[in-house]
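Participant: Which chain is which? The protein sequence lines are C and B, in order. Numbers 14 to 337, taken from my numbering, label the letters of the first sequence in order. Numbers 955 to 1037, taken from my numbering, label the letters of the second sequence in order.
Hints may contain errors.
Unchecked claim - A short list of chain C residues far from chain B (calculated; beta carbon distances all over 12 angstroms):
no., residue
1, Thr-153
2, Ser-207
3, Gly-310
As the list claims (entries may be wrong) - A partial selection of chain C residues facing chain B, derived with a Cβ cut-off under 7 angstroms:
no., residue
4, Gln-229
5, Ala-230
6, Phe-232
7, Arg-233
8, Thr-237
9, Arg-268
Hints were generated in silico from the structure; no laboratory data involved. Cβ atoms here follow ideal geometry from the backbone N, Cα and C, with glycine treated the same way.
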Amino acid sequence: MTSFTPFPPAAGARIISLGGYQPANVVTNDEIAARVDTSDEWIRSRVGIISRRYAAPDETVADMAVVAGGKALASSGLSPADIDLVVVATCSTEVPIPNVSAMTAHRLGIVSPGAYDLNAACAGFCYALANASDAVRVGTARHVLVIGAEKMTSWIDPYDRSTCIIFADGAGAAVVGPVADGEPPGIGPVVWGSAGDMADKIAIPDRRSYMYQEGQAVFRWATTTMHPIAAQACERAGVAVSDLSAFVPHQANLRIIEAIARRLGVPRERVADDIVHSGNTSSASVPLALARMAERGELKAGSPALLLGFGAGLCYAAQVITVP
Amino acid sequence: MTDQEILAGLGEIVEEIAGVPADEVTPSKSFVDDLDIDSLSMVEIAVAAQDKFGVEIPDDQLKDLTTVQDVVNFVAKNAGDSA
Chain C
14 MTSFTPFPPA AGARIISLGG YQPANVVTND EIAARVDTSD EWIRSRVGII SRRYAAPDET
74 VADMAVVAGG KALASSGLSP ADIDLVVVAT CSTEVPIPNV SAMTAHRLGI VSPGAYDLNA
134 ACAGFCYALA NASDAVRVGT ARHVLVIGAE KMTSWIDPYD RSTCIIFADG AGAAVVGPVA
194 DGEPPGIGPV VWGSAGDMAD KIAIPDRRSY MYQEGQAVFR WATTTMHPIA AQACERAGVA
254 VSDLSAFVPH QANLRIIEAI ARRLGVPRER VADDIVHSGN TSSASVPLAL ARMAERGELK
314 AGSPALLLGF GAGLCYAAQV ITVP
Chain B
955 MTDQEILAGL GEIVEEIAGV PADEVTPSKS FVDDLDIDSL SMVEIAVAAQ DKFGVEIPDD
1015 QLKDLTTVQD VVNFVAKNAG DSA
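So that you can see chain B by itself, here it is in the shape it has in the complex (with noise of 0.2 angstroms):
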C-alpha cells in the first residue's frame, strides 16, 4: 500500500464519516484545526481504517495522531508489520 493509495481511502473515510470533502484530505492538515474533527470522529475514523486498512489504532496511540499525514505514517507504518 503507498502513502497515495493510503491517503485515497482516509479521504473516503473522513467523508463519510465527517462529511469533510474527500479531496480537502491532505497530509498537512489537521483534523481538530483545520478539519474541524472531534474526539468522538477520531474514534470512528480509527474504526473504519482498521476496517480498510486492517491496522488497528489504539485509543492511547489515536491521540498523538494530530494530523492526516501522522495517521497515512502510522497505516503505513503498521500496514507493513501485520502484513
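Bound-form chain C, shown alone (with noise of 0.2 angstroms):
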C-alpha cells in the first residue's frame, strides 16, 4: 500500500476562529425556585449561577450546531468547499441516527465532508479539538470544522433539584486548521483519559430516565484529579502556568472552576466564568466560553490559553491552545 493522504501534511494545527450560540430563552433562579424547593441564593452558592439558557422545545441539537458552526465558519475567512471535515462533540442527541454532524454540514452547504459525531460529554470539545489537530497535521484534513453542541434540558428532570439548576443549552464552535509555515503549533498536545470505574457518578441509567449525578463524588473527583491534568497539558506545549492568558475549564460548577484554578494556580481574574450566565452546557461549555470572551475582548490574540473539559465518563482532556 503507498503512503498516501489527501492533504500534505502540516507542522501544526491551530483555531482559526470562534463562534458561539445560545438559545434564546434566559431562564432565571427565581423561575426555576417556583417550581422546585430552592433560591436564588441557594443556587448562586452552591454552583454560582445567576441565569442559564434553554432551547425552544422544537429546537435541536443541530440548530444550535448549525448557528454556531456558521459564525465560526463565517469569521475563518474560509468557504463552505474549504472544509473537510466536521466533528460535533455532544452527548445530549435526540436520537442516535443519524449524527447531528453531516446533517449540520448539509445545512452549512458544506458538500460531503467526512462527518462524525463524539461522546465524551463534558469533555467532547477538547477531544475533538485534539482528533481535528491530528486530523490536519496528517493530511486527513485541512480544515476541519468543530462543534460542540447540546440541548441538555432533553435528558434533564425540570423537578430534580440536583440537576435542574446547573444544565443547560447551547452550542460553541471553531474553525481548525494548518498553521502557516515556520509557525509553531497553535493546538498543542493533548493531555487525556478515563476512569470508567466511576462510570455510574453521572448517568441516565435508562432510556426512560433522565440524567442523575452523585454531586459529592463528582465534586471530589474533579477537585483532586483534574489540576494535574491540566497542569500536564501546559508542561507538554511548552507553557508555563503563570504565561497563560485565559484558563477555560469546563463550565461544570463555579466551585469546581475555582477549586481547580486555585490548585493550578491561575489568577482569578484569567479563569472563565460563563457558567454564571450559561450554565452549564456540556461539551458546548469550553467553545462557547471562547466564543463569548473573544466577543468581549477578553482574550488576547496569539496568547497561549489552556482548556480542560472533564465530565461523564468520567472522560477528561485538556490541551494549550494559542488564541485565535
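Take each chain as given, in its own frame, and dock them per the hints.
Facilitator: Here's what the structure looks like:
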C-alpha cells in the first residue's frame, strides 16, 4: 500500500476562528425556584449560576450546531468548500441516528465532508479538537469544523434540584486549520484519559430515565484530580502556567472551576466563568465560553490559553491553544 | 495525635475553607446547622483533612459525620489504623 493522504501533512494545527450560540430563552434562578424547593441564593452559593439559556421545545442540537458552526465559518474567511471534516461533540442528541455532524454540514453548505459525532460528554470538545488537530497534522483533512452542541434540557428532570439548576443548552464552534510554514503549533499536545470505574457517578441509567449525578463524588474527583491533568497539558506544550492569558475549564460548577484554578495557580481574573450566565452546557461550555470571551474582547490574540474538559464517563482532556 | 490536636487542625481547615473562625469549631457544633457548611464544602474539608491527617474520609461515610466531634472521632480512630 502506498502512503497517501489527501493533503500535505502540516507542522501544526491552530484555531482560526470561533463561534457561539445561545438560545433566546433566559431562565433565572427565581423561575426554577418557583417549581422546585430552592432559591436564588442557594443556587448562586452552590453552583455560581445566576441565569442559563434553554432551547425552545422544537429547537434541536443540530439547529444550535448550525448557528455556532456558521458563525465560526463566517469569521474564518474560508468558504464551506474549504471544510473537509465536521466533528460535533455532543451527548444530548434527540436520537442516536442520523448523526448531528452530517446534517449540520449539509445545512451549512459543506458538501460531502467527513462527518462524525463524538461523545466524551463534557470533555467532548477538547477530544474533538485533539482529533481535528491530528487530522490536519497528518493530512487527512486541511480544515476542520469542530462543534460542541448540547440540548441538556432534553435529558434533565425539571423537578430534580440536583441537576435542573445546573444544566443548560447552547453550542460553540471552532474552525481548525494548518499553521503557516515556520509557525509553531497553535493546538498543543492533548492530555486525555478516563475513569470508567466511576461511570455510574454521572449517567442516564436507561432510556426512560433522566440524567443522574452524584454531586459530592464528582466534586471530589474534579477538584482533586483535574489540576494535575491541566498542569501536564501546559508542561507538554512548553507553556508555564504563569504565562497563560486564560484558563477555560469546562463550566461545570463555579466552585469546581475556582478550586481547580486555585490548585493550578491561575489568578482568578484569568479564569473563564461563563457558567454564571450560561449554566453548564456540557461539551458546548468550553467553545461557548471562548467565543463569548472573544466577542467581549477578553482574549488576547496570539497568547496561550488552557482548555480543560471533564465529565461523564468519566472522561477528561486538556490542551493549550493559541488564541485566534 | 490527641483529640485536641485533631480539633485544632480541623478548626484551621474549616476556617480556611468556609471562613468560619477556628475558635467556633467546637466539638458539639453541627457543620450544617451551626457552622452553615454545605455538602460541597464538606467534601473540601474531607480532602483537606486527608492531606493534613493522612486519613481518607469517603463520601459514603462523610454523610454520617454531622458534628465536629464526629469528624474528630473518625480521624482519631482511622489515624490509629493507618499508623
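Participant: Decide, hint by hint, whether the structure agrees.
Facilitator: Structure-based check of each hint:
{"no.": "1", "hint": "Thr-153", "verdict": "holds (43 angstroms)"}
{"no.": "2", "hint": "Ser-207", "verdict": "holds (20 angstroms)"}
{"no.": "3", "hint": "Gly-310", "verdict": "holds (33 angstroms)"}
{"no.": "4", "hint": "Gln-229", "verdict": "holds (5 angstroms)"}
{"no.": "5", "hint": "Ala-230", "verdict": "holds (5 angstroms)"}
{"no.": "6", "hint": "Phe-232", "verdict": "holds (5 angstroms)"}
{"no.": "7", "hint": "Arg-233", "verdict": "holds (5 angstroms)"}
{"no.": "8", "hint": "Thr-237", "verdict": "holds (6 angstroms)"}
{"no.": "9", "hint": "Arg-268", "verdict": "holds (6 angstroms)"}
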